[in-house]
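Participant: Sequence:
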Amino acid sequence: MGTRGTDAVEAFLAALEHPLQREIVALRRILLDADPAIGEEIKWNAPSFRTTQHFATMQLRRRDVVRLILHLGANKRALPREAIADPHGLLEWLGPDRAIVGFRSAAELAAGEVALVAIVRQWLRHV
Numbered sequence: 686m687g688t689r690g691t692d693a694v695e696a697f698l699a700a701l702e703h704p705l706q707r708e709i710v711a712l713r714r715i716l717l718d719a720d721p722a723i724g725e726e727i728k729w730n731a732p733s734f735r736t737t738q739h740f741a742t743m744q745l746r747r748r749d750v751v752r753l754i755l756h757l758g759a760n761k762r763a764l765p766r767e768a769i770a771d772p773h774g775l776l777e778w779l780g781p782d783r784a785i786v787g788f789r790s791a792a793e794l795a796a797g798e799v800a801l802v803a804i805v806r807q808w809l810r811h812v
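Our numbering numbers the first residue of the sequence shown as 686 and each following residue consecutively.
Simulated from the structure, these hints should not be mistaken for laboratory data.
Take the hints with a grain of salt, since some may be wrong.
What the hints assert, rightly or not - DMTMM-like, lysine to aspartate or glutamate: derived pairs with alpha carbons at most 25 Å apart:
{"no.": "1", "residue 1": "K761", "residue 2": "D782"}
{"no.": "2", "residue 1": "K728", "residue 2": "D782"}
{"no.": "3", "residue 1": "K728", "residue 2": "E695"}
{"no.": "4", "residue 1": "K761", "residue 2": "E777"}
{"no.": "5", "residue 1": "K761", "residue 2": "E726"}
To be verified - Computed spacing ranges between beta-carbons, pair by pair:
{"no.": "6", "residue 1": "P772", "residue 2": "N730", "range": "30 to 36 Å"}
{"no.": "7", "residue 1": "L779", "residue 2": "R748", "range": "30 to 36 Å"}
{"no.": "8", "residue 1": "T737", "residue 2": "E793", "range": "29 to 35 Å"}
{"no.": "9", "residue 1": "V802", "residue 2": "W778", "range": "35 to 41 Å"}
{"no.": "10", "residue 1": "R707", "residue 2": "T737", "range": "28 to 34 Å"}
{"no.": "11", "residue 1": "E777", "residue 2": "H703", "range": "16 to 22 Å"}
{"no.": "12", "residue 1": "L779", "residue 2": "A693", "range": "39 to 45 Å"}
{"no.": "13", "residue 1": "T736", "residue 2": "P781", "range": "17 to 23 Å"}
Glycine included, every Cβ here is placed at the ideal spot set by N, Cα and C.
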């Protein structure tokens with residue numbers, strides 16, 4: 686884990702009871718390691734990731750999947766789908782300014798890690 690992890694997120698994860706706890710922790714590590722400018726905090730009752738503004742937030746309501754919502758921060762604007770290369774089809778676009786990716790197991794997350802990091806690095810160019 687990089688040094689940008691926060692005590693608030695550590696405490697949140699320590700108290701969290703979720704069947705995909707290992708996957709949540711692994712997804713957090715992947716995001717923090719994707720770029721040295723990425724930091725984190727708890728926002729919307731889940732780990733949320735930022736550079737100059739928030740761009741990704743975990744969605745932990747479901748018990749069968751860990752979802753990551755990619756968004757463009759507080760400023761509403763559109764992002765053309767072709768702006769993000771997604772050859773593995775990880776993204777489900779929810780609107781012109783956000784997409785979601787989900788992982789149901791450690792194996793699925795491991796298989797998608799390289800593609801997810803590539804997506805996150807592209808996404809950051811638009812935040």
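Participant: Can you tell me whether the CB distance of R707 to T737 sits inside 28 to 34 Å?
Facilitator: holds, 30 Å
Participant: Under the criterion that the straight-line Cα-Cα distance not exceed 25 Å, is the pair K728, D782 satisfied?
Facilitator: holds, 18 Å
Participant: Given the hint of 16 to 22 Å, check if E777 and H703 actually sit that far apart at their C-beta atoms.
Facilitator: holds, 21 Å
Participant: For the pair supplied as a hint, K761 and E777, confirm whether the alpha-carbon distance does not exceed 25 Å.
Facilitator: Holds, because 19 Å separates the two Cα atoms, which is no more than 25 Å.
Participant: So the hint says 35 to 41 Å: do the beta-carbon atoms of V802 and W778 match that?
Facilitator: Distance hint for V802, W778 is violated at roughly 19 Å.
Participant: Lying within 17 to 23 Å: is that true of the beta-carbon distance T736 to P781?
Facilitator: holds, 21 Å
Participant: Against the range 30 to 36 Å, how does the distance between the Cβ atoms of P772 and N730 compare: consistent or not?
Facilitator: Given about 33 Å between the Cβ atoms, the range holds.
Participant: Measuring from beta carbon to beta carbon, are T737 and E793 in 29 to 35 Å?
Facilitator: holds, 30 Å
Participant: Can you confirm whether the C-alpha distance between K761 and D782 stays at or below 25 Å?
Facilitator: Distance of about 7 Å is within 25 Å: holds.
Participant: Is it true that L779 and R748 lie within 30 to 36 Å of each other by Cβ?
Facilitator: At 21 Å between Cβs, range violated.
Participant: Sort out whether E695 lies within 25 Å of K728, counting only the CA atoms.
Facilitator: Distance ~14 Å between K728 and E695 Cα, so the pair holds.
Participant: Starting from the range 39 to 45 Å, see whether the pair L779 and A693 falls in it by beta-carbon distance.
Facilitator: violated, 27 Å
In terms of the numbered hints stated before, the structure departs from hints 7, 9, 12, listed from lowest to highest.
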